[in-house]
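There are 2 protein chains.
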Amino acid sequence: MFRRKGYDTTTLKDIGALAKIRAPAIYYYFSSKEQLLEEILNIGIARIHDAVQEAVDNLAAGSSHRVRVETAIRAHLTALLQHSDYTAANIINYNLAPRAIRARHLARRESYADCWRDLLQRAQDAGEIGPSVDVNLLRLFLLGALFWTHEWYGKDQEPIEVMAEKLSAMLFGGIGGRLQE
Amino acid sequence: MFRRKGYDTTTLKDIGALAKIRAPAIYYYFSSKEQLLEEILNIGIARIHDAVQEAVDNLAAGSSHRVRVETAIRAHLTALLQHSDYTAANIINYNLAPRAIRARHLARRESYADCWRDLLQRAQDAGEIGPSVDVNLLRLFLLGALFWTHEWYGKDQEPIEVMAEKLSAMLFGGIGGRLQE
DNA sequence: GAAGTTTTCTAACATTAGTTAGATTTCAAA
DNA sequence: TTTGAAATCTAACTAATGTTAGAAAACTTC
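Residue numbers (our numbering), protein chains in the order written: chain R, 510 to 690; chain A, 510 to 690.
Treat the hints as calculated values from the structure; they're not laboratory data.
Source: prediction; values computed, not measured.
Ideal Cβ positions, reconstructed from N, Cα and C, are used throughout, including at glycine.
Some hints here could point you the wrong way.
[What the hints assert, rightly or not] Here are some, though not all, of the chain R residues that point toward chain A, as calculated from beta-carbon distances under 7 Å: (1) I552; (2) N604; (3) A609; (4) I610; (5) A612; (6) R613; (7) A616; (8) C624; (9) E637; (10) D643; (11) L649; (12) W657; (13) G683.
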């Protein structure tokens, strides 16, 4: 519900209705509506972080860095678009969350960012990403492109594997055509 | 205020305080709080659309398509990050806006998307973007990367011109290093 | 300065939400 | 069956919000 209607518009009565209890019964499990939000934000990051981490860890030891990056992209998109309402809820509600919650949550976002920092830095150190590339900026733009998919991806779109492969190809190979240089 | 605190959290009293009037006086100018939101969403898109359109139109007639794309990127980032609280407010509040407002607003978003569709398609037709590139997907990912900057861009970051140039270079040239193929 | 319009104000309403208190039910164990 | 804990309920409170009605002030124009 936080994903569809947002935190403020969703009432405890609504949530209770979905859980087949009355609003006050929620307080048996959560101490406040804000705590509910915080836990959902946390689950949202955890889902996507775990999915990406696991997918990369499960690769064969000798896999190229390009394959590792493409795998991470695919895992991120799959977790966000197919498996986790929590992650989408996180994206939509984070900016409007109370300052205190946002502050506490930031560490978890940073930890996920580290995951990508590591991935891209190793790829550059190994020479699979050019030395002139600003990997920090690359990471910010890439993650932006990935997170933003929740704004436009619909059930009628291409399969996620195809999208991941195309994005990876555009990035590593470049989009420039014959007239490029 | 819609940008910082979001639509629901911002009260008409708050807005009035900023405008040095009491809440009911707002109704002399707007018929409801929702209309206020709708107008702000519209301004947000208009600002960024106009900025990009104008920047591209002002280029010399013979400019390469790569330059045109880079110019559009720079204009988008400048409008979003430096000139328009409205655009940032749009991004943050769009998903939580009432369905009716979102529906009406969609046409304007599509119109901005057309602007980019055109830009990229011409570049591909001219051969400056490779024939194998899915320009539709490219546009979606690229605009995602651009819009998402509002999540992380801070005053202490690199100048926008540099960011635009680096992104354009990564896209057209690719990030692949020596070991790539 | 009077008349009329524009703008803002005060007062109040209706509704609603998150939350608390305390009673009641449900359920498992002895 | 009894007992005690776990889970949910009803009732009520408090506070706040968008909105309306109508009076007052501010400003413009003749």
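Okay, the hints, checked on the actual structure:
no.	hint	result
1	I552	violated, 19 Å
2	N604	holds, 5 Å
3	A609	violated, 14 Å
4	I610	violated, 13 Å
5	A612	violated, 15 Å
6	R613	violated, 17 Å
7	A616	violated, 15 Å
8	C624	violated, 16 Å
9	E637	holds, 5 Å
10	D643	holds, 6 Å
11	L649	holds, 6 Å
12	W657	holds, 3 Å
13	G683	holds, 3 Å
In the structure shown, a violation is registered for the earlier hints numbered 1, 3, 4, 5, 6, 7 and 8, in ascending order.
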